[in-house]
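Q: Chains as they are written, first to last, in this note's numbering: chain A, 1 to 423; chain B, 1 to 423.
Simulated from the structure, these hints should not be mistaken for laboratory data.
Some hints could be false.
[Stated by the list, open to error] Pairs of lysine-lysine residues, derived as BS3-like cross-links and limited to a Cα-Cα distance of at most 25 Å, are as follows:
id, chain 1, residue 1, chain 2, residue 2
1, B, Lys70, B, Lys93
2, B, Lys250, B, Lys261
3, B, Lys250, B, Lys14
4, A, Lys261, A, Lys14
5, A, Lys409, B, Lys409
6, B, Lys70, A, Lys93
7, B, Lys261, B, Lys93
8, A, Lys93, A, Lys261
9, A, Lys70, B, Lys93
10, A, Lys261, A, Lys250
11, B, Lys14, B, Lys70
12, B, Lys151, A, Lys151
[To be verified] A few chain B residues that face chain A, going by a derived Cβ cut-off under 7 Å, partial list only:
id, residue
13, Val102
14, Leu166
15, Gly172
16, Ile178
17, Gly180
18, Leu399
19, Val416
[Claimed, not checked] Which residues of chain A face chain B? A few of them, derived with a C-beta cut under 8 Å, are:
id, residue
20, Ile49
21, Leu81
22, Glu392
23, Phe402
24, Pro413
Using N, Cα and C, we set each Cβ at its ideal position, and we do this for glycine too.
There are 2 protein chains.
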Amino acid sequence: MAAAYELRCRECGKRFDNAPLSICDECFSPLEVICDLEAARGTFTREAIAAGPSSMWRYKSLLPVPEDYKPVTPAGWTPLLPAPHLAERIGAKNLYIKNDAVCMPTLSFKDRVVAVALANAQTFGFDTVGCSSTGNLANAVAAGAARHGLKTYILVPSDLEPAKILNTQVYGATLVRIDGNYDHVNRLCSQIADRYSWGFVNVNLRPYYAEGSKSVGFEIAEQLGWRLPDNVVCPMAGGSLITKIRKAFKELIALGLVEEKEVRFFGAQATGCSPISTAVKNGADHIEPQRPSTIARSLAIGNPADGVYAARAIRQSGGWAEDVSDVEIVSAIQELAETEGIFTETAGGVTTAVTARLYAHGRIHPDDLTVTCITGNGLKTTDALAGVYDQEAAIRPRLTDFEAYISQKNDEPELVVEGANVR
Amino acid sequence: MAAAYELRCRECGKRFDNAPLSICDECFSPLEVICDLEAARGTFTREAIAAGPSSMWRYKSLLPVPEDYKPVTPAGWTPLLPAPHLAERIGAKNLYIKNDAVCMPTLSFKDRVVAVALANAQTFGFDTVGCSSTGNLANAVAAGAARHGLKTYILVPSDLEPAKILNTQVYGATLVRIDGNYDHVNRLCSQIADRYSWGFVNVNLRPYYAEGSKSVGFEIAEQLGWRLPDNVVCPMAGGSLITKIRKAFKELIALGLVEEKEVRFFGAQATGCSPISTAVKNGADHIEPQRPSTIARSLAIGNPADGVYAARAIRQSGGWAEDVSDVEIVSAIQELAETEGIFTETAGGVTTAVTARLYAHGRIHPDDLTVTCITGNGLKTTDALAGVYDQEAAIRPRLTDFEAYISQKNDEPELVVEGANVR
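Kindly produce the complete structure, drawing on both the sequences and the hints.
A: Written out as structure tokens, the structure is:
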């Protein structure tokens, strides 16, 4: 390998120089970036990483960006939090949440992949970038392109959440609404990328883009004190994230940074769009496309690009996949917020609800160290909670009115004791 | 000082043991926490701080929490970002943004102050906490109380933004809407705190709460490589933040962690609620309360608790204060997003617009190292941008339709060259 990374066909293994390419010209299978682990051995050490920035760029030498790349996207190094209150509710004993809903410019894990894709868009000389998106990617590309000074076309299904639409337009991106679902949008983007010399982060830049997700895996391992968890629960849309966290763990093992261990991977989908979890449950080695119908719109990909690889990773690891209803998604959003103070979008509701079910069904042992991946912020999908909370009538700003209010709630608060240390 | 911190009256200097108290019983002036700098000298070193967590808790030994306090709120250590594109637009040459819109559980700087307040609520044995809030504080208290397992009453003006209401209710807090503005709400909370044994973070816990803002100042200095900027531009609501960043800088100087320097502080308000900037401009040493009318609702405090101290800090430092219209606020939100990929709430629009004006008016020299504080996320005030962007009609998912769309935009993209390295 001349550079520190190159492209290889996932199926036939054909090697390609770095280029905006995503499909093998021999066998039409997807291409993947392979990083040169031997070359990284000197720089990818615990000490060098600890001395790096508080962002995903601490792992730069195992991400496919030029050696002299100066990062412009402050993404990653998101909190890995113990979740004792949620754990107690769902019968877990050693549960962590990897919270990508914060410490991200646009509040989802997509900032990671876009950061790597845009670095390569610059290298390849594109002045216009774009994507097909279910929302979070749109936000990340629009904001990233603003920082990089690139022109942007973003194509989305026309039914996207209002917050995700605004959170794309505000950065000055051109947002094109498509009358169709994500799979229609994605097909159109492939056609556009064939015709125009644009960098579509999840089409012709996809191999680079996808590698950005490895940073989730690197962070989990480092934040656990350079060890791997027993289980990872991950939402699945296109299916890429779960495969890249697994790849990150394998790279850490190969470099001797963590002890060898087979981590079990568990995939989470909404029942209204569950092509990958269905394949896992049926033991199928192919994905049957579905027509999505779920409030978890960021996961609503009926024909997932990496579905086969996600199902394979889950099976090989000894994991499982589950899917949950829209009602369960809303409940799980509330449960995570009430127990751990984390407000997640619908996709995080999916992951939380699936995590609970995996414990309930005995798929995960209570004592296992399990990491659940929360990938986006609740302020992105506020419409999913519309009507859930009553808007009570306002009261007048008087103590008597407040006392009437709380007595109606049957609350009898402790009174201030005169002379005690309370104002 | 027996403990590492205690309360002192800001005016008469009377000392108090730690307690949920905010007003001096001698002279009725506000109390402030004073940390024992000498006691912290051994632990508050550059090396010890660098070895600490990637959060505000790296500065724990100069925050008023018990020595054995185990932090539960993963707040702070937010990015300090160079803002070259915005700088170019407004005639600055060395502009940084301290971005508290990310890396915060509820996406505003209020998570910092609430983290410290709730640590003390626990120490004082409160099982119920609350606040009066213009929105961001409500979010932070609700989420923090969920993590701490505390009961919560949150009182807000009835016209709060929908996203801020939902982002309070989702954590299971009781949200009480008050028919009045923030100043009415705050007065009611003082009455409630007098009657019930509850911890109101910005009433009887206010001295502890306010100290949390020092972490912004500590972070700015450390992220600049342990030096102080020339100027800091800060939004002002109650006026506390600006005074506490200044206090943090003074503590760093006293401990020898940074070179001595008089940093100029600049305050930012909305013209529709500008009691502090008006006082600064008029050279007045008192604050004339106003009736707020602005889209920057998180800054809509007409009778700011720390207004006098904020105006004094600005004057003493050689700074200035400005206020901007609602139209300028919206433009500045867009400008910051388009140039730096940062989507801020209305308060951030205020700070950005004021920063631009300070450069335009020559109040800040172009070469100065200036830090502008962005304190909350744009997804919290999406209603402020309602109607700003057209919702274009959706197009069909066909290449011909897309080409018609871009030709209507007068865009003529470069075509893919056959045989070139582009898919």
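Q: Evaluate each hint against the coordinates.
A: Okay, the hints, checked on the actual structure:
1. Our distance criterion of 25 Å between C-alpha atoms is broken by Lys70 (chain B) and Lys93 (chain B), whose separation comes to about 41 Å.
2. Only pairs whose Cα atoms come within 25 Å are accepted, and Lys250 (chain B) paired with Lys261 (chain B) is accepted, the gap being roughly 9 Å.
3. With a C-alpha separation of about 21 Å, the suggested pairing of Lys250 (chain B) with Lys14 (chain B) holds against the 25 Å cut-off.
4. Taking the CA atoms of Lys261 (chain A) and Lys14 (chain A), the gap is about 29 Å. The hint is violated against a cut of 25 Å.
5. Under the criterion of a C-alpha separation no larger than 25 Å, the hint pairing Lys409 (chain A) with Lys409 (chain B) is inconsistent with the structure, at around 57 Å.
6. Of the pairs offered as hints, the one joining Lys70 (chain B) and Lys93 (chain A) holds, with about 19 Å between alpha carbons and a cut-off of 25 Å not exceeded.
7. Between the alpha carbons of Lys261 (chain B) and Lys93 (chain B) the distance comes to roughly 20 Å, so the proposed pair stays at or under 25 Å and holds.
8. Only pairs whose Cα atoms come within 25 Å are accepted, and Lys93 (chain A) paired with Lys261 (chain A) is accepted, the gap being roughly 20 Å.
9. Annotation: proposed proximity of Lys70 (chain A) to Lys93 (chain B) holds, straight-line Cα distance about 19 Å (limit 25 Å).
10. The straight-line distance between the Cα atoms of Lys261 (chain A) and Lys250 (chain A) is roughly 9 Å, inside the 25 Å bound, and the hint therefore holds.
11. Distance restraint check for Lys14 (chain B) and Lys70 (chain B): the Cα-Cα separation of roughly 30 Å exceeds the 25 Å cut-off, and the hinted pair is therefore not satisfied.
12. Distance hint between Lys151 (chain B) and Lys151 (chain A) is unfulfilled; the C-alpha atoms sit about 48 Å from each other, more than 25 Å.
13. The beta carbon of Val102 (chain B) is positioned within 7 Å of a beta carbon in chain A (closest approach about 6 Å), and the interface hint is therefore held.
14. Residue-level restraint check for Leu166 (chain B) holds (minimum Cβ-Cβ distance to chain A is 5 Å; threshold 7 Å).
15. Look at Gly172 (chain B): its Cβ gets to within about 4 Å of chain A, closer than 7 Å, so that hint holds up.
16. Taking 7 Å as the C-beta contact cut-off toward chain A, the hint placing Ile178 (chain B) at the interface holds, the least distance being around 5 Å.
17. Look at Gly180 (chain B): its Cβ gets to within about 4 Å of chain A, closer than 7 Å, so that hint holds up.
18. Interface hint at Leu399 (chain B): satisfied, since its Cβ lies 5 Å from the closest Cβ of chain A, which is below the 7 Å cut-off.
19. Of the supplied interface hints, the one on Val416 (chain B) holds, with its beta-carbon coming within about 5 Å of a beta-carbon of chain A, less than 7 Å.
20. Among the interface hints, the one on Ile49 (chain A) is violated; its C-beta lies about 13 Å from the nearest C-beta in chain B, farther than the 8 Å criterion.
21. A hinted interface residue such as Leu81 (chain A) counts as satisfied when its beta carbon comes closer than 8 Å to some beta carbon of chain B; here the least separation is about 6 Å, so the hint holds.
22. Of the supplied interface hints, the one on Glu392 (chain A) holds, with its beta-carbon coming within about 6 Å of a beta-carbon of chain B, less than 8 Å.
23. For the restraint placing Phe402 (chain A) at the interface with chain B, the shortest Cβ-Cβ distance is roughly 6 Å, inside the 8 Å limit, so the hint holds.
24. Proximity of Pro413 (chain A) to chain B holds as hinted, the smallest CB-CB distance being about 4 Å (cut-off 8 Å).
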